[in-house]
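*Asks:* Protein chains in written order, with our numbering: chain A, 11 to 262; chain B, 48 to 363; chain C, 102 to 417.
Worth flagging that the hints you see were computed from the coordinates, not collected in a lab.
Keep in mind that the hints are not guaranteed to be accurate.
[What the hints assert, rightly or not] In silico DSSO-like cross-links for lysine-lysine, where the CA-CA straight-line distance does not exceed 27 Å:
1. A:Lys141 <-> C:Lys141
2. C:Lys298 <-> A:Lys141
3. A:Lys141 <-> C:Lys105
4. A:Lys124 <-> C:Lys141
5. A:Lys103 <-> A:Lys179
6. C:Lys412 <-> B:Lys264
7. C:Lys298 <-> A:Lys85
8. A:Lys85 <-> C:Lys307
9. A:Lys186 <-> A:Lys248
10. C:Lys220 <-> B:Lys120
11. C:Lys105 <-> A:Lys120
12. A:Lys124 <-> A:Lys79
13. A:Lys103 <-> C:Lys220
14. A:Lys103 <-> A:Lys86
15. A:Lys190 <-> A:Lys179
16. A:Lys24 <-> A:Lys86
17. A:Lys141 <-> A:Lys120
18. C:Lys298 <-> A:Lys86
19. A:Lys36 <-> A:Lys24
20. C:Lys307 <-> A:Lys15
21. C:Lys141 <-> B:Lys203
22. A:Lys15 <-> A:Lys220
23. C:Lys307 <-> C:Lys220
24. C:Lys307 <-> B:Lys173
25. C:Lys141 <-> A:Lys79
[As the list claims (entries may be wrong)] Covered by chain C, according to a simulated footprint, are these stretches of chain B (three or more residues, beta-carbon under 8 Å):
26. 148–157
27. 240–248
28. 321–334
[What the hints assert, rightly or not] Quick list of simulated restraints, FRET-style, between CB atoms:
29. A:Tyr261 <-> C:Arg295: 35 to 43 Å
30. C:Arg295 <-> A:Asp231: 49 to 57 Å
31. A:Asn23 <-> B:Phe165: 39 to 47 Å
32. C:Tyr292 <-> B:Thr146: 55 to 63 Å
33. B:Leu353 <-> C:Arg295: 30 to 38 Å
34. B:Arg303 <-> A:His204: 33 to 41 Å
35. A:Tyr261 <-> B:Tyr240: 44 to 52 Å
36. C:Thr283 <-> A:Met73: 41 to 49 Å
37. B:Gly260 <-> A:Asn25: 25 to 33 Å
38. C:Met193 <-> B:Asp71: 52 to 60 Å
In this text, all values refer to a predicted model and were calculated from it rather than measured experimentally.
For each residue, glycine too, the CB sits at the ideal point set by N, CA and C.
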Amino acid sequence: MVDVKHVSKVYGNKNVINDVSVKIAKGKITSFIGPNGAGKSTLLSMISRLIAKDEGEIYIDGMDVTRCKSNELAKKISILKQSNNINIRLTVKELVSFGRFPYSQGRLTKEDRKFVAEAIRYMELEDIQHKYLDQLSGGQRQRAYIAMVIAQDTEYVLLDEPLNNLDMKHSVQIMKVLRKLADELGKTVVIVIHDINFASCYSDYIVAMKDGRVIKEGTTDEIITPSVLNEVYDMDFKIEEIDAERICVFYS
Amino acid sequence: MKLIYLIIGFIILAVTSLFLGVQDISPLDLFSLTEAQAHVLLVSRIPRLVSIILAGVGMSICGLIMQQLTRNKFVSPTTAGTEDSARFGILVSLMLFSTASPLVKVLVAFFFALLGTFIFMKLLEKVKYKDAIFIPLVGMMFGSIVGSITTFFAYKNDLIQNMSSWLQGNFSTMIQGRYELLYISIPLVAVAYLYANKFTIAGMGEEFSVNLGLNHKQVVNIGLVIVALITATVVLTVGMIPFLGLIIPNIVTMYRGDNLQNSLSHTALLGAVFVLACDIFGRVVIHPYEIPIGLTVGVIGSGIFLYMIMRRKAYE
Amino acid sequence: MSNKSKLAILAVISIALAAAFIFIDLGSNWDYALPRRIKKVYAIVLTGAVIAFATLVFQTITNNRILTPSIIGLDSLYLLIQTFLIFAFGSMNFFVTNENINFVISVGFMVLFAGFLYKLLFHGGGQNIYFLLLVGIIFGTFFRSITEFMQVLIDPNEFLVVQDRMFASFNNVKTDLLLIATVAVILITLYSIRYLKYLDVLSLGKDQAVNLGIDYDHVVKRLLIIIAVLVSISTALVGPITFLGLLVANVAHQFLNTYRHTQLIIGAVFISIIALVGGQLIVERVFTFTTTLSVIVNFIGGVYFIYLLLKESKSW
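Construct the complete structure from the given sequences, taking the supplied hints into account.
*Replies:* Okay, structure coming up:
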């Protein structure tokens, strides 16, 4: 379980995260939603120790994130940021192999290779595994990065806007994979997502944030209601049930 | 800060500058000048004052134009390779036409300064990582590379120590007959005033300016020509004055905001005041010797520049 | 062609050039010339290897192929130290003539300065690394201002001694110095081995490196210190060759086209040796000592760098 306790972060004199406490359940998909500047990505980065927090504590399975050895954490939790500007030329397979670094420190064992091959197969990247990343489409590249995270084989997988810049087909593809990760492999998936309907259709829990605070958290059914969403986004929502999924209509 | 304070400061400093030096001249003597005093005033003091003002105003305006065109506060003739390129041009003119007149030298220096600044602008287009700090870094890197090419030729022609002396800005050599080239900057500054708004718009980017019906290329080119020509004349006559074009516009924007037309006269005046103050300081502090302006401004300028980038950090 | 055979070819060329350097025109006086030449080649190989390694690691940490560690002001500081010693105590002084003392003073001050810069960077944690570089380069300008001031004042005969130190030279390598430098380099190499495995991951960028379990601040701090010490040693040993590292690291990247640092480092070291030994051969045989190697290397490195900048922008 990820346990965030009274965490704050200040940039200059702006409180981007203000006394946030939240618990993230194991084996489920939890989505963070909220308007721009709500602090979702910052919180995700703090959970994964990419940026330091100013106050509060974060525990992952009882281990304090700031005190724990970085290498141990890398076997427990992985993060994929929205912009991955790697400026070296790598093939898909080489990228995925990097996911094994926490275990092998760069020298791949037979077992590592097995994990890499499996991750590539899982993301259906076999055909293009020897292509360079800069030759791929946005969707393929995103899948390659996710394959790397799968090879890293962590219990917790954090993704910051994984659907950014993807078309509908690829977005659905990625979300289905994340669902599979939770359901088949028992991973805990945490995502920051802007498309409220993807959040509604694919996540188990939703945390709604605004102005650096958590406004509401709960199961998807509890959050995807007109009143909660109105409070989060300051606009009117209509919610329709289509094929047993709650779909938000907010375009007018 | 009101413009009037700057004007008062400017007048006080200008008068001080005129009557400061080994040869005693006091303002009271003005109506009963001896021949020697009149000579000193005409041949040395006035040329010095005029060149200080022209160089200070010119370099500050150059910095301001460059910052507007690139939308980056840390770009200036020093941090974009313009000064280094001008120096390279001077060396080339010395090598090719050893008896070149100042006008030929300034033309060659201008050509190189323009080319260097142009390359820098091309680099900016290509840089993906448009971090405010990364861009001056690339510019200074580029400048030092141009510098190393200059060194290569200077070494081959035994001109290294010679070069060091025009590398360092120095007003003590500004006497009648050696500073007149600086007058070129007066019409250029006037053009800068006319184009002030257009530079601001051009800095927003090509698409933005085309949308507003502005000939983007032309405006940018005019800006670069002004910058290169002023820099070339200043480097040739006075020498390099590091960071001057960087710090003055920044100090002005700190209290005036970003609109170019508002800040032009402030920048020009503050540039003159700053250089006057630095020059007077350099003349007084180890009297009767003097510290060249390049060193004074180099030291104070690096200090202020450092302070500025640290301060920027605190805001993020 | 596989990278292993490319590396083998580089090794063969390096050895061939070194052999050519040692044995061409050895003449009958070989018992005098041979040890001298071997020493010279050894100094070249040591310097080349150190600079290649330092620059490659530096570019990986900064995730940028157009930067070189010399630009953080170490070169300028070295020149300031040398100029100051000659300016203050004269060229016949103990601090100038005793190579060992001079070496220790130079390395000491350069490492201190780098330490100070890093303190600035890591104070408060996680500063932008470009910030460090910009601060360094500004200090470089600051040092240069003071150096140039002193250079103008120095007596022209004394200036020749300064000028000698402005450019790296392999012509008069002192045996004692080689010994100290070798010991220092071996110690640092042993210390740095444990960090080498992180380099591949560091080239993915900070976020990925942290994600993959690297204690980023700790590792980068250590590597930066290693780089500063190595650059200081090579500068104090032969003098500044600012753009050698830039040249060889980029050629290594282009030639080997891999991200694996084991191959990149070996390749860069060989390329560096080829450039320096080959360059020195040309200086001695073609130019017959009328120019110095570092001036040529800086020139070629600079031109190549501008070409790189204008050609592609993917790597930065």
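*Asks:* Now look at each hint and say whether the structure bears it out.
*Replies:* The hints, checked one at a time:
1. For the given pair, Lys141 (chain A) sits about 46 Å from Lys141 (chain C) by alpha-carbon distance, which is inconsistent with the 27 Å threshold.
2. Between the alpha carbons of Lys298 (chain C) and Lys141 (chain A) the distance comes to roughly 25 Å, so the proposed pair stays at or under 27 Å and holds.
3. For the given pair, Lys141 (chain A) sits about 22 Å from Lys105 (chain C) by alpha-carbon distance, which is consistent with the 27 Å threshold.
4. Of the supplied pair hints, the one linking Lys124 (chain A) and Lys141 (chain C) is violated, its CA atoms being roughly 51 Å apart against a limit of 27 Å.
5. Among the hinted pairs, Lys103 (chain A) with Lys179 (chain A) is consistent with the structure: their alpha-carbon atoms are about 24 Å apart, no more than 27 Å.
6. Taking the CA atoms of Lys412 (chain C) and Lys264 (chain B), the gap is about 22 Å. The hint holds against a cut of 27 Å.
7. Between the alpha carbons of Lys298 (chain C) and Lys85 (chain A) the distance comes to roughly 18 Å, so the proposed pair stays at or under 27 Å and holds.
8. Between Lys85 (chain A) and Lys307 (chain C) the CA atoms are separated by roughly 17 Å; this keeps the pair inside 27 Å, and the hint holds.
9. Of the pairs offered as hints, the one joining Lys186 (chain A) and Lys248 (chain A) holds, with about 25 Å between alpha carbons and a cut-off of 27 Å not exceeded.
10. Note on Lys220 (chain C) and Lys120 (chain B): the hinted pairing holds, with a Cα-Cα distance of about 26 Å set against a maximum of 27 Å.
11. In summary, the hint linking Lys105 (chain C) to Lys120 (chain A) is supported, as the alpha carbons are separated by about 23 Å, within the 27 Å threshold.
12. As the CA atoms of Lys124 (chain A) and Lys79 (chain A) are separated by approximately 26 Å, the hinted pair is consistent with the 27 Å bound.
13. Between Lys103 (chain A) and Lys220 (chain C) the alpha-carbon distance is near 39 Å, which puts this suggested pair outside the 27 Å criterion.
14. For the suggested pair Lys103 (chain A) and Lys86 (chain A), the alpha carbons sit about 22 Å apart, so the restraint of at most 27 Å is met.
15. Restraint check for Lys190 (chain A) and Lys179 (chain A): satisfied, since their Cα atoms lie roughly 17 Å apart, inside the 27 Å limit.
16. Annotation: proposed proximity of Lys24 (chain A) to Lys86 (chain A) is violated, straight-line Cα distance about 31 Å (limit 27 Å).
17. In summary, the hint linking Lys141 (chain A) to Lys120 (chain A) is supported, as the alpha carbons are separated by about 22 Å, within the 27 Å threshold.
18. This hinted pair checks out: Lys298 (chain C) and Lys86 (chain A) have alpha carbons roughly 21 Å apart, not beyond 27 Å.
19. A distance of roughly 32 Å separates the Cα atoms of Lys36 (chain A) and Lys24 (chain A); the hinted pair therefore is violated under the 27 Å criterion.
20. The suggested pairing of Lys307 (chain C) with Lys15 (chain A) holds, with an alpha-carbon distance near 26 Å, which does not exceed 27 Å.
21. With a CA separation close to 23 Å, the supplied pair Lys141 (chain C) and Lys203 (chain B) stays within the 27 Å bound.
22. Note on Lys15 (chain A) and Lys220 (chain A): the hinted pairing holds, with a Cα-Cα distance of about 17 Å set against a maximum of 27 Å.
23. For the proposed pair Lys307 (chain C) and Lys220 (chain C), the alpha carbon gap of about 19 Å is at most 27 Å, so the pair holds.
24. For the proposed pair Lys307 (chain C) and Lys173 (chain B), the alpha carbon gap of about 23 Å is at most 27 Å, so the pair holds.
25. The hinted pair formed by Lys141 (chain C) and Lys79 (chain A) fails the criterion: a straight-line CA distance of about 47 Å is larger than 27 Å.
26. For the segment 148–157 of chain B, the proposed coverage by chain C is not satisfied: 0 residues have a C-beta within less than 8 Å of a C-beta in that chain, short of the threshold of three.
27. As drawn, the segment 240–248 of chain B meets chain C at 0 residues by the rule of a beta-carbon pair under 8 Å; below three, the given contact is violated.
28. Coverage of the segment 321–334 of chain B by chain C is violated [criterion: at least 3 residues with CB-CB distance below 8 Å; count 0].
29. For the pair Tyr261 (chain A) and Arg295 (chain C), the supplied restraint of 35 to 43 Å is violated, since their beta-carbon distance comes to about 57 Å.
30. Taken as a hint, the range 49 to 57 Å holds for the pair Arg295 (chain C) and Asp231 (chain A), whose Cβ atoms sit roughly 52 Å apart.
31. Asn23 (chain A) and Phe165 (chain B) have their C-beta atoms about 41 Å apart, which keeps the hinted 39 to 47 Å range intact.
32. Against the hinted window of 55 to 63 Å, the Cβ-Cβ separation of Tyr292 (chain C) and Thr146 (chain B) comes to about 58 Å, which satisfies the hint.
33. Between Leu353 (chain B) and Arg295 (chain C) the beta carbon distance is about 35 Å. The supplied range of 30 to 38 Å therefore holds.
34. A hinted range of 33 to 41 Å holds for the C-beta pair Arg303 (chain B) and His204 (chain A), which are about 39 Å apart.
35. Checked against the hint of 44 to 52 Å, the pair Tyr261 (chain A) and Tyr240 (chain B) passes, with Cβ atoms roughly 50 Å apart.
36. Distance hint for Thr283 (chain C) and Met73 (chain A): a CB-CB separation of about 45 Å, consistent with the stated range 41 to 49 Å.
37. Gly260 (chain B) and Asn25 (chain A) have their C-beta atoms about 43 Å apart, which leaves the hinted 25 to 33 Å range violated.
38. For Met193 (chain C) paired with Asp71 (chain B), a C-beta distance near 41 Å fails the hint of 52 to 60 Å.
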